[in-house]
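Enquirer: Chains as they are written, first to last, in the numbering used here: chain H, 1 to 402; chain V, 1 to 246.
Possibly wrong hints are sitting among the right ones.
Below, a list of computed lysine-lysine pairs in the DSSO-like style, where the Cα atoms sit at most 30 Å apart [to be verified]:
(1) 94(V) <-> 126(H)
(2) 47(V) <-> 261(H)
(3) 223(H) <-> 381(H)
(4) 127(V) <-> 126(H)
(5) 47(V) <-> 213(V)
(6) 126(H) <-> 47(V)
By construction, these hints were calculated from the structure, which means they are not laboratory data. A quick note: this is a predicted structure, and the numbers were derived from the prediction, not measured.
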Amino acid sequence: MRIVYRELEGNSLAYFGLLGGLGVLVVAGLLSAWQMEHYGHIITGMTNQVVWGMPHVFAVFLIVAASGALNVASIATVFGKHFYKPLAPLSALLAIALLAGGLMVLMLDLGRSDRVIVAMTHYNFKSVFAWNVFLYSGFFTFAAAYVWTIMDRTVSALYKPVGVAAFIWRLALTTGTGSIFGFLVARQAYDSALLAPMFIIMSFSYGLAIYLLVLMSAYCWSKRPLGDAVVRRLKNLLAVFIAAVLYFTLVYHLTNLYFTKHHGLERFILLDGGVYTTLFWVGQVVLGGIVPLALLLAPATRQSRMAVAVSSLLVVFGGLAQMYVTIIGGQAYPLPLFPGMDVSSSFYDGVVHPYAPSLVETLLGIGGVALALAIVVFAIKILRFLPESLEDAVVDPHHKAA
Amino acid sequence: MSDFDAYRRRFVTGMVGVAAVGALPAGVMLWQAQARADNDDLPASGKIRWGMLIDTTRCATGCDACVRGCNQENGMSGQTSPTDPQWIRKVTVKNPRTGFGFSLPVMCQHCEEPPCVDVCPTGASFKRADGIVLVDRHICIGCRYCMMACPYKARSFIHQPVTDQLAEVPRGQGCVEACSMCVQRIDAGLRTTACQEACNAEGHKAIFFGDLKDPESEISRQLASYASTEILADLDLHTGVRYQGI
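Produce the entire structure from the sequences given, and follow the hints as far as they go.
Expert: Quick look at the structure:
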């Protein structure tokens, strides 16, 4: 059966309410950034010890999720699974939107956001950040070109090569994001080649969870049919990704536990790090990993769409918890200036650095999420991203009605 | 093509046109700014490498003369809240197993291979030909990646407006800064840093400053005669600041 893509009507009060609500959150984020620009970072919880805070938790999460959101499209194009083809346009759109949201947060957190143009005119090519400027702009270009090759039949010959290029580029992009931390020799929590592949597998999980949430919400609210076949395939895939993230987390900590010099850090994250220990075990591992895995696989819940939605939400929450533990926990634990020694100073050497996110930096982060969602909500109204139907009979030619 | 599609196409074309016209003056300004920057001369000489040697056996526990000297020279308040800048701090170190302890000043170590310079996206973190690691306040965007990368936690971010800065040490909100080895003094021909001067005035004489490439300099003679090392020497960063007695 032929797939028909159609814009949303989007004339209902609920549609404009949703767009308006997201708009309010975006404006709140922008106002927060303006306050930070005016008063300085003194109004955030960030310090000279914890230099990256809540904005980076949201920004890195959104950027990682962006590359993962493109995966559904890559499965269709690169790996030739036609079943996923109707799902591809939304996948590319979500990738663009999430990256835009993440970059908004990252750019507006800069000490000198007014100089963002400098980051595009002065390059230090040894810097992972400088590579990322190219990786991000390239990702936008490839994802947009990919949408074009899907929507315009006159360039359908480019569909496969552009899709393959976008897939390779997204792997490079997440490698770059993981390497922001992986290439830092200074801090014990980072300084590991494992972070790049770990961020890639995390992107698969977070991106797909957000994709599922957006897909199910869009079809539910627009009253378009969404068959079980699509949801079932995607949720099985999500279960595999969640398990893979747990595996990487296990290997990362086992490696550190084997090295005596990292025992202090591991003790901090796993045992007595307060909020970081709680977020790791309760947020990242149990609520973000084990519970959704159980919901997606257990016979009692695996047929339930509500269970899929809850699992996806939990994966998003677990992802934010993971970013908090990695980014802020990694800085809260003191630098080993003199390994094995007790050190103290007026600059807080040798002590765990406290960090409490302020309202403005949290609102900036939420503003980025809202921008990403607003782009999606707006784009599916003006362009044909969503198939009119994703019923089983439409997406699967071999489907037999029960 | 439907009317709506035609309208949409005209709208998008129009927006691209407006954006292109808007970006043109900015591009011209940037080109001019770049041309000016390229004309700047770099007076620092690669025949010199400025460095410091700190003898921790002479450094008195509890004395912070070097810190006060630095604050005064570079226009800092000396406050020590978690958001206040500290270019130099006194670190107290104690071995919990043996009880042996010492104290030492820690500042930017002016690495030969500085991680802060590696990670800086714009090149604002840079190393002069004479080995001094600095931040170019004109192109620092305040991303703080250098602070994440510095193994010595030597850098500070300016969290609020600065009103009491000195003419020869420009500082400002939203940028990162650190010990400059009193570059304003060196470029004016002086051969001592504020921390060294303060330490000498206290009579401790724990800090030697000089040219590491000149075998006749006091610092080179000291380094050739007595054992010295770097903090976190295993990182192999070849710091310009070295220590005795740690």
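Enquirer: Evaluate each hint against the coordinates.
Expert: Hint check:
no.: 1; hint: 94(V) <-> 126(H); verdict: 37 Å, violated
no.: 2; hint: 47(V) <-> 261(H); verdict: 39 Å, violated
no.: 3; hint: 223(H) <-> 381(H); verdict: 14 Å, holds
no.: 4; hint: 127(V) <-> 126(H); verdict: 14 Å, holds
no.: 5; hint: 47(V) <-> 213(V); verdict: 7 Å, holds
no.: 6; hint: 126(H) <-> 47(V); verdict: 25 Å, holds
Consistency with the previously given hints fails for numbers 1, 2, ordered from lowest to highest.
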